[in-house]
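Enquirer: What follows is the residue order along each chain.
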Amino acid sequence: MTIDELKDEVEGLNLDGGTSRASDYVKAYNHFIDFLEQFTNGQPSNADEDELKDTLIKFRQKLLAADLGEFARMEIWAKRLHEALVLQGIGEVIRAIESRNVAVPQLLDNLGQEIEKGNADAALLTQIKDAIEKGTKTIDELKTLVDALTATDADVKSRIRALITAARNISNTFMPDKDA
Amino acid sequence: MSKIRLFSKLVPIFLIVSIFFTACDVPDISEFTTQSVEMTRGIRQGVKDTGDVLKTAAANDGLFEPATIKGFQKYSKEYDTVMKPTLETLDSLDSYVEALNALARANKKSAENSKALVGAFNNLVSSASKLVIAPQAAAFEIPDMALKIGTGTIAAIENFRTAKSFKNRVNAAAEVVEGRYDKTEELVGGKKVVTYTKICTDGEKEGIEKIGKQYAKDLADKIKVFEEGDEYKELLEQYKSEKDPKKKEEQKKKIGSKEKSFRDSLKEFSDKTEKDVQNEINKHGCGVIDLLTFTMQDLRRINQDVSKLTEINFVSKNRTTFGLYQGIDTYYERVQNEIKHILRFKTLLKDIRELNVELSKAEAEAEPKAEQKEIDSLKKKILNLKNTVWRRLNDIYNLDGQAQTAILAKVTECDAPAKEGQSSATTCIGMTKYLTCPGCADDKIFDDLVKAIGPKEFSFGSGVIETALNNRALELFAENRGYLTEKERMQPDYERSNGELDKMRQNQKKLDKLLTSSIAALKTWSATHANLRETVNTKKPLSVAVLVAKVKDIWAVLEPAEAK
Numbered sequence: 001m002t003i004d005e006l007k008d009e010v011e012g013l014n015l016d017g018g019t020s021r022a023s024d025y026v027k028a029y030n031h032f033i034d035f036l037e038q039f040t041n042g043q044p045s046n047a048d049e050d051e052l053k054d055t056l057i058k059f060r061q062k063l064l065a066a067d068l069g070e071f072a073r074m075e076i077w078a079k080r081l082h083e084a085l086v087l088q089g090i091g092e093v094i095r096a097i098e099s100r101n102v103a104v105p106q107l108l109d110n111l112g113q114e115i116e117k118g119n120a121d122a123a124l125l126t127q128i129k130d131a132i133e134k135g136t137k138t139i140d141e142l143k144t145l146v147d148a149l150t151a152t153d154a155d156v157k158s159r160i161r162a163l164i165t166a167a168r169n170i171s172n173t174f175m176p177d178k179d180a
Numbered sequence: 181m182s183k184i185r186l187f188s189k190l191v192p193i194f195l196i197v198s199i200f201f202t203a204c205d206v207p208d209i210s211e212f213t214t215q216s217v218e219m220t221r222g223i224r225q226g227v228k229d230t231g232d233v234l235k236t237a238a239a240n241d242g243l244f245e246p247a248t249i250k251g252f253q254k255y256s257k258e259y260d261t262v263m264k265p266t267l268e269t270l271d272s273l274d275s276y277v278e279a280l281n282a283l284a285r286a287n288k289k290s291a292e293n294s295k296a297l298v299g300a301f302n303n304l305v306s307s308a309s310k311l312v313i314a315p316q317a318a319a320f321e322i323p324d325m326a327l328k329i330g331t332g333t334i335a336a337i338e339n340f341r342t343a344k345s346f347k348n349r350v351n352a353a354a355e356v357v358e359g360r361y362d363k364t365e366e367l368v369g370g371k372k373v374v375t376y377t378k379i380c381t382d383g384e385k386e387g388i389e390k391i392g393k394q395y396a397k398d399l400a401d402k403i404k405v406f407e408e409g410d411e412y413k414e415l416l417e418q419y420k421s422e423k424d425p426k427k428k429e430e431q432k433k434k435i436g437s438k439e440k441s442f443r444d445s446l447k448e449f450s451d452k453t454e455k456d457v458q459n460e461i462n463k464h465g466c467g468v469i470d471l472l473t474f475t476m477q478d479l480r481r482i483n484q485d486v487s488k489l490t491e492i493n494f495v496s497k498n499r500t501t502f503g504l505y506q507g508i509d510t511y512y513e514r515v516q517n518e519i520k521h522i523l524r525f526k527t528l529l530k531d532i533r534e535l536n537v538e539l540s541k542a543e544a545e546a547e548p549k550a551e552q553k554e555i556d557s558l559k560k561k562i563l564n565l566k567n568t569v570w571r572r573l574n575d576i577y578n579l580d581g582q583a584q585t586a587i588l589a590k591v592t593e594c595d596a597p598a599k600e601g602q603s604s605a606t607t608c609i610g611m612t613k614y615l616t617c618p619g620c621a622d623d624k625i626f627d628d629l630v631k632a633i634g635p636k637e638f639s640f641g642s643g644v645i646e647t648a649l650n651n652r653a654l655e656l657f658a659e660n661r662g663y664l665t666e667k668e669r670m671q672p673d674y675e676r677s678n679g680e681l682d683k684m685r686q687n688q689k690k691l692d693k694l695l696t697s698s699i700a701a702l703k704t705w706s707a708t709h710a711n712l713r714e715t716v717n718t719k720k721p722l723s724v725a726v727l728v729a730k731v732k733d734i735w736a737v738l739e740p741a742e743a744k
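Residue numbers (this note's numbering), protein chains in the order written: chain H, 1 to 180; chain G, 181 to 744.
Simulated from the structure, these hints should not be mistaken for lab results. Just so it is clear, CB atoms sit at the ideal spot from N, CA and C, and this is done for glycine as well. Warning: the hint list may mix true and false statements.
[Claimed, not checked] Derived Cβ-Cβ restraints for the label pairs, each shown as a range:
hint : chain 1 : residue 1 : chain 2 : residue 2 : range
1    : H       : D54       : G       : E666      : 32 to 40 Å
2    : H       : D54       : G       : E245      : 39 to 47 Å
3    : H       : Q61       : G       : K447      : 52 to 60 Å
4    : G       : V728      : H       : A120      : 49 to 57 Å
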């Protein structure tokens, strides 16, 4: 029996609608058992398992709708089977994630290297940015003094000297002076 | 002086050109960073919520078999463990985009500051060039220093190669985050067309899982061989049976040393094998985003399976509440339907009576010429209505066998010739045949049968039927009132159970939507990163609009009010 045949059989069950009798439910139940045997002996895919679970849910809904005392045992069987299949599925999913986790460390190592390089570069850029800021400030100050410069202003001259020294130091941070 | 003038013109121009050139290669990725971080935040919520689905099931002992509860408890713990690498991966993805963003921002800032330096510097050189009475040393040192600062800035930025660094980071990380692509080249109309096809598909997912499973199995086998090995078992036995504390201590040390040596050999094996395993896994070409997508698909499966199971178990457990409530509703509907038929039946009888009055008047008063036509028309109408009455009665019988029995019993009583002293107006001869009429689906048979019943008999008979139906309707009302009272009484129970079921369904749907949106966002993230690669390699503009929309979908699930 194929899953599609089983699905059709289950779909057709309708005790109150008069299209089936109680014995039809028992037949479907027996077909379920036959199918399960065949299913577990094969190599079902995730899609096959999903289809089986959906058919089982349908069967449970039909039993529930029929709500017949004599179906109680079938109901318990279907509930237990459903729970077992769901648990098995969760186990498979967890094992699959666990198996794929083997691939994670290397990917994260590689990504980590790029993150480190990126962060290091960004830090270096920030250092340079600070140095440039300092340079700009010094040069602005120097310009103010140059603008105010007179030949007789000794105090200003010495301040210019000091600033030039400071600016030289800054310039050396950009391009070290071989002669210095 | 000429030296100063030369620099005053050339250096700033050179600097500005260099800085602009450098800054243009790095796109603004602040929006990409924001969206990426929002996406991973949503995904983390999905991971947490799926864990909660398992935890809730594990705590719901009234709904599942004891063995199932144990299973849920076990898997709930395992879930937390196996999801750790996924959470680490999400953290790494955040760190990656944040590092890229920091690099892009620092580069932009550096370029802006460099421009400010050039501006200040330009002003200084202009001022210095105007110096007439300047100290000689200063006059010469300024241009010299200017040259150093100017070229130094260029050198620093050049050495730094931010644009190249950014491009390198994006290109190097692409394989790790997006996965690998197969490149194929073909000539189309004499033009070389390069196509990139993603290597990692669902098939690769299974391939990776197979390798991972085998690796785990190999390790487990090694442990099993060690633990079940004669030498180790013997040592354990000796330790257990040894009474002398001194000797027991020696045995313990021996076991410890044996275990350590095994652990070392296992580590060696694992280090060696891990490289091979990683190489094998690499062949599948999957990246961080692929692995996250596979995991989201798996979480969807867990959510759907557990939710469907919980739902049907819940309905099954509360079957009486649901069944009785819905049963009353269904029955109430049937009663209403039957009463509706009864009312229509009564209306038809009223119509027939009115037509009979009209017919009597027509027969008594009408002009001779017009008379027969109108009389025939009225008779035809009455006959047709009697047919409809018969068909409506059949409908009522189909709905209610009890009503049929009651009607037949009453009609049988009057379907006999009038007894002595009884008025002929209180008989309904021929009405039993009318009610049970075999072959009356045929109009001719019906008409012949009905014409044989006198109008008075029909009127009395139909009155008897009407009374029987009125009584039946009252019975139905009374019965229904009882059910409705019961329904009202159980309303709180029903609402509680139904509310719980509704909440269950909504949560399932919400999580499913969240995981589905996460899968779509991951796919788009990958495409946006590919776009970023293209941007840095070919200077095409970077667009994050689709990613913005996909991330919005995630947050529309998590915070519907805010998303609006």
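Enquirer: Does the Cβ distance between D54/H and E245/G fall inside 39 to 47 Å?
Expert: Roughly 21 Å apart at Cβ, these two residues miss the hinted range, so it is violated.
Enquirer: Return holds or violated for the Cβ distance of D54/H and E666/G against the range 32 to 40 Å.
Expert: 35 Å, holds
Enquirer: With 49 to 57 Å as the target window, see if V728/G and A120/H comply at their CB atoms.
Expert: For V728/G and A120/H the Cβ distance comes to about 30 Å; the hint is violated.
Enquirer: Given the hint of 52 to 60 Å, check if Q61/H and K447/G actually sit that far apart at their C-beta atoms.
Expert: 53 Å, holds
Comparing the model with each numbered hint stated earlier shows that hints 2, 4 do not hold.
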